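Quick mapping for you: the protein sequence lines, in order, are chains F, Y, W and G. Residues in the first sequence are numbered from 1 upward in steps of one, following my numbering. Residues in the second sequence are numbered from 1 upward in steps of one, following my numbering. Residues in the third sequence are numbered from 1 upward in steps of one, following my numbering. Residues in the fourth sequence are numbered from 1 upward in steps of one, following my numbering.
Hints are computed from structural coordinates only; laboratory data are not their basis. These figures come from a predicted structure and were not determined experimentally. Some hints here could point you the wrong way.
Any copy, or any two copies together, can satisfy a pair, since identical chains are not distinguished.
Stated by the list, open to error - Straight-line C-alpha distance at most 25 Å; calculated DMTMM-like pairs for lysine to aspartate or glutamate:
#1 LYS103 with GLU114
#2 LYS103 with GLU253
#3 LYS187 with ASP238
#4 LYS187 with ASP112
#5 LYS229 with ASP75
4 protein chains.
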Amino acid sequence: MSTRPLFVVAGIGNGSGTGAAAARLFAQKGYRVALIARNADSLNRLAGEINSAGGEAAGFPISDYSYGATLSVFDNIAAHKWSSAGSSSLRVALWNAGSGVWKPFLDVTEKDVETSLQTNVTAAFAFSRGAVLAFKQNDIDERGKRGTLLFTGATAAIRGNVTTSAFAAGKFGLRALSQSLAKEFGKENIHVTHAIIDGGILTDRSSSYRDEAWINNPDLRLDANSIAKSYLYLVEQDRSAWTWELDLRPAHEKW
Amino acid sequence: MSTRPLFVVAGIGNGSGTGAAAARLFAQKGYRVALIARNADSLNRLAGEINSAGGEAAGFPISDYSYGATLSVFDNIAAHKWSSAGSSSLRVALWNAGSGVWKPFLDVTEKDVETSLQTNVTAAFAFSRGAVLAFKQNDIDERGKRGTLLFTGATAAIRGNVTTSAFAAGKFGLRALSQSLAKEFGKENIHVTHAIIDGGILTDRSSSYRDEAWINNPDLRLDANSIAKSYLYLVEQDRSAWTWELDLRPAHEKW
Amino acid sequence: MSTRPLFVVAGIGNGSGTGAAAARLFAQKGYRVALIARNADSLNRLAGEINSAGGEAAGFPISDYSYGATLSVFDNIAAHKWSSAGSSSLRVALWNAGSGVWKPFLDVTEKDVETSLQTNVTAAFAFSRGAVLAFKQNDIDERGKRGTLLFTGATAAIRGNVTTSAFAAGKFGLRALSQSLAKEFGKENIHVTHAIIDGGILTDRSSSYRDEAWINNPDLRLDANSIAKSYLYLVEQDRSAWTWELDLRPAHEKW
Amino acid sequence: MSTRPLFVVAGIGNGSGTGAAAARLFAQKGYRVALIARNADSLNRLAGEINSAGGEAAGFPISDYSYGATLSVFDNIAAHKWSSAGSSSLRVALWNAGSGVWKPFLDVTEKDVETSLQTNVTAAFAFSRGAVLAFKQNDIDERGKRGTLLFTGATAAIRGNVTTSAFAAGKFGLRALSQSLAKEFGKENIHVTHAIIDGGILTDRSSSYRDEAWINNPDLRLDANSIAKSYLYLVEQDRSAWTWELDLRPAHEKW
Numbered sequence: 001m002s003t004r005p006l007f008v009v010a011g012i013g014n015g016s017g018t019g020a021a022a023a024r025l026f027a028q029k030g031y032r033v034a035l036i037a038r039n040a041d042s043l044n045r046l047a048g049e050i051n052s053a054g055g056e057a058a059g060f061p062i063s064d065y066s067y068g069a070t071l072s073v074f075d076n077i078a079a080h081k082w083s084s085a086g087s088s089s090l091r092v093a094l095w096n097a098g099s100g101v102w103k104p105f106l107d108v109t110e111k112d113v114e115t116s117l118q119t120n121v122t123a124a125f126a127f128s129r130g131a132v133l134a135f136k137q138n139d140i141d142e143r144g145k146r147g148t149l150l151f152t153g154a155t156a157a158i159r160g161n162v163t164t165s166a167f168a169a170g171k172f173g174l175r176a177l178s179q180s181l182a183k184e185f186g187k188e189n190i191h192v193t194h195a196i197i198d199g200g201i202l203t204d205r206s207s208s209y210r211d212e213a214w215i216n217n218p219d220l221r222l223d224a225n226s227i228a229k230s231y232l233y234l235v236e237q238d239r240s241a242w243t244w245e246l247d248l249r250p251a252h253e254k255w
Numbered sequence: 001m002s003t004r005p006l007f008v009v010a011g012i013g014n015g016s017g018t019g020a021a022a023a024r025l026f027a028q029k030g031y032r033v034a035l036i037a038r039n040a041d042s043l044n045r046l047a048g049e050i051n052s053a054g055g056e057a058a059g060f061p062i063s064d065y066s067y068g069a070t071l072s073v074f075d076n077i078a079a080h081k082w083s084s085a086g087s088s089s090l091r092v093a094l095w096n097a098g099s100g101v102w103k104p105f106l107d108v109t110e111k112d113v114e115t116s117l118q119t120n121v122t123a124a125f126a127f128s129r130g131a132v133l134a135f136k137q138n139d140i141d142e143r144g145k146r147g148t149l150l151f152t153g154a155t156a157a158i159r160g161n162v163t164t165s166a167f168a169a170g171k172f173g174l175r176a177l178s179q180s181l182a183k184e185f186g187k188e189n190i191h192v193t194h195a196i197i198d199g200g201i202l203t204d205r206s207s208s209y210r211d212e213a214w215i216n217n218p219d220l221r222l223d224a225n226s227i228a229k230s231y232l233y234l235v236e237q238d239r240s241a242w243t244w245e246l247d248l249r250p251a252h253e254k255w
Numbered sequence: 001m002s003t004r005p006l007f008v009v010a011g012i013g014n015g016s017g018t019g020a021a022a023a024r025l026f027a028q029k030g031y032r033v034a035l036i037a038r039n040a041d042s043l044n045r046l047a048g049e050i051n052s053a054g055g056e057a058a059g060f061p062i063s064d065y066s067y068g069a070t071l072s073v074f075d076n077i078a079a080h081k082w083s084s085a086g087s088s089s090l091r092v093a094l095w096n097a098g099s100g101v102w103k104p105f106l107d108v109t110e111k112d113v114e115t116s117l118q119t120n121v122t123a124a125f126a127f128s129r130g131a132v133l134a135f136k137q138n139d140i141d142e143r144g145k146r147g148t149l150l151f152t153g154a155t156a157a158i159r160g161n162v163t164t165s166a167f168a169a170g171k172f173g174l175r176a177l178s179q180s181l182a183k184e185f186g187k188e189n190i191h192v193t194h195a196i197i198d199g200g201i202l203t204d205r206s207s208s209y210r211d212e213a214w215i216n217n218p219d220l221r222l223d224a225n226s227i228a229k230s231y232l233y234l235v236e237q238d239r240s241a242w243t244w245e246l247d248l249r250p251a252h253e254k255w
Numbered sequence: 001m002s003t004r005p006l007f008v009v010a011g012i013g014n015g016s017g018t019g020a021a022a023a024r025l026f027a028q029k030g031y032r033v034a035l036i037a038r039n040a041d042s043l044n045r046l047a048g049e050i051n052s053a054g055g056e057a058a059g060f061p062i063s064d065y066s067y068g069a070t071l072s073v074f075d076n077i078a079a080h081k082w083s084s085a086g087s088s089s090l091r092v093a094l095w096n097a098g099s100g101v102w103k104p105f106l107d108v109t110e111k112d113v114e115t116s117l118q119t120n121v122t123a124a125f126a127f128s129r130g131a132v133l134a135f136k137q138n139d140i141d142e143r144g145k146r147g148t149l150l151f152t153g154a155t156a157a158i159r160g161n162v163t164t165s166a167f168a169a170g171k172f173g174l175r176a177l178s179q180s181l182a183k184e185f186g187k188e189n190i191h192v193t194h195a196i197i198d199g200g201i202l203t204d205r206s207s208s209y210r211d212e213a214w215i216n217n218p219d220l221r222l223d224a225n226s227i228a229k230s231y232l233y234l235v236e237q238d239r240s241a242w243t244w245e246l247d248l249r250p251a252h253e254k255w
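Whenever a hint applies, use it, and build me the whole structure from the sequences.
Here's what the structure looks like:
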């Protein structure tokens, strides 16, 4: 009985963004997909959609992005009975959860700081722990990997700005984690990578407040499916040439 | 009755490191000195030493580097009755507190992550808030400043490494905060600056585990007094040429 | 009569490295391939190999990487009569030429500096001019591009070190060029990208002085074919998510 | 008969910018000053001004910033007979020469590229060689130094932009040189440092095309004297805490 590769993603919002696009793409590529988010309705809707399309997905809602909740969901995933036959091997984990806050510094509250750090950093430590522990149990595959751990970063991961103190503190911290892990676990054939998303992504939410010119011009905004393709590319890199970090931005983005 | 400039520093360890050296130097330059740390004995000893040397210092112990405790100490400082006559004007604030943790990733606990983020980032947000609010009440001085906010950074602020995931996450986050503040408050003539300390500092603690060759060779380790001088230089920069970031390392450091 | 896409690459060494691997890969993908290098024998051998394998390649030897010679080769390429029918559309240009020099600073000669700057920077300006002028004549393709300009960078593009003053000066300069071009021509749907190759590549040359352990361990050195695949990926990115820069290193590389 | 410290600076423009301000400041601090530039009139005027003010300066015009001319000027300086008694010890060298060009890429000529690379990089290699060879003959002074080599950098040293391809290529290259030298010669107690000037400097030239609001507002533009003070500070750093790089910008600069 064969083993099927498993893709775990945390952070799928309402199902129209990067996490969901990646889930759909990896499902098409034959991965079982474990979806983690706080919103159970979105999870179930996306899982249903993927399953209807011939994939195999399951939702794992969590109450919040606390360290404990984030880590323990890996136990739930490991215990899950998939409908198809065969065991699962966690091969790709995508940390796409995050918490943005854009405010002048004096408007930033203690709660804002804590939420940004907990969601963007602390929970990412827990997620990384769950993923790395699972990867270490894997054999090295034909590409020279035990697993790939992907992080969704942002411009705020490399540049603090006038309204991003709390958000940038979290995203810088996440980038530090990703670099530390890349250096420590590359030696064990675990690939850790960080994508700097430098621009707005077309989602249900951004569509609700952006103008038509932006929505309709593919040179101006990121397509979540294109980001997902870059994640797939990173996963498919073989052991001789791994990327830790790349940036992604629309063709016409000013930067 | 004249106003005296006030220097606030958080993080003085046992009184042999950067925070203490800066406190001594600014006291010599005529600043009143408010010392913040968790260890009341160290605080009192250092305050006593400065006062004996003709300076004016007071200790403000805090129970921990929680957001609330860190912010409220500014109220205590504002309420403090200094022995000399005249009111105080907070002109320089140095965030030198920190929490280091060096461990392989899988040994890093939830508590390690939280401690690093709380001390290195959350408390720095509170400290910055206290400082900025005080600075905004100041006139612009002859150098073109309302105040200077100094952050002690580290190599781990710009590079994650195999045993620094939790520490680097905190120090990256602090650097993000400092850059955001520099951009937002430069326009209000508040100078925010970040020093990357890239090497070991000679302190009571480092002396206890380093060898004689290191201790006795001034080309190999940082002197806390030299760091303090660089902080004084940054404070004395006039409005036309402010530094956000500089690095500091011993002459013979390999980097 | 259809138009065939053309791939131009400068810098193919003796045919065992990155430039040659990219030429082979793009030929397989249906591109005509124009090979530029100083060594006519290597060019002809590689062109012959690609043609024998069913591709279509031609060599364009140049006397040196002067500005003039590098730029004028684009005229030669435009004037070339390909054996198959149909006109060519230059769609991908790879600047892979370079000149490395590793010496203590006081051993670096005027000639070393000039050679590094001419080959790594000045010639790259000429190559970029030739490529951009050609791209501007193209329609925007289905991926939203007029063309892709790829630069092979190195660790020395982001870090000067004790024996790399002349090499790093050239590679930093090349990186500056690539970033400037990416920002200026993204708006015209020309994609410019820079790869930081952070490790040794397995080539005929490196095999001649490296030990067996290194040569035989795919975790330790870059495979030129894997770099070529990353270039193909970058070319295939659609307009919504373009990468300017990524790093590539072997799984076990210490960095 | 005592030895007097010598300060060498290349690039003094018309005497109203950074190089000239540094020359004045180091003259006031007791350094003999050797002025290098292409414009003999400016050199003589500045030398005369410094000498009238009680300093000791001499001009060393060079025909152009070729490698040979730049290097040989160190021989001329060594052979110079100063009016006061005592030999000279070259202790501080400032590379402030540069060549800016701001043009859309397709307007950049071969000559523009070569001029930028020659002046910003090649000549800086020659200047560094002259300075390092002189420093190596010095004893280590009380601050732990044989000498300090200062480089004036720019925003274009860390960021390429739409009209800066040629300028940024030069300034990136210069930065690479400075970092390589800092790492190689720190071990010999030679301090190499690089200042990123991030904003406009008030000079005769900038005054001719800027508006009154900019000229008269010290929060908006750099004062060359303030940059000079930062250079003096860097020179005075002791061996335990050397800065390789700092940025300098006006208080209100948007960045």
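Each hint, compared with the structure:
no.: 1; hint: LYS103 with GLU114; result: both (14 Å within a copy, 24 Å between copies)
no.: 2; hint: LYS103 with GLU253; result: both (23 Å within a copy, 20 Å between copies)
no.: 3; hint: LYS187 with ASP238; result: within (14 Å within a copy, 33 Å between copies)
no.: 4; hint: LYS187 with ASP112; result: between (37 Å within a copy, 24 Å between copies)
no.: 5; hint: LYS229 with ASP75; result: neither (28 Å within a copy, 36 Å between copies)
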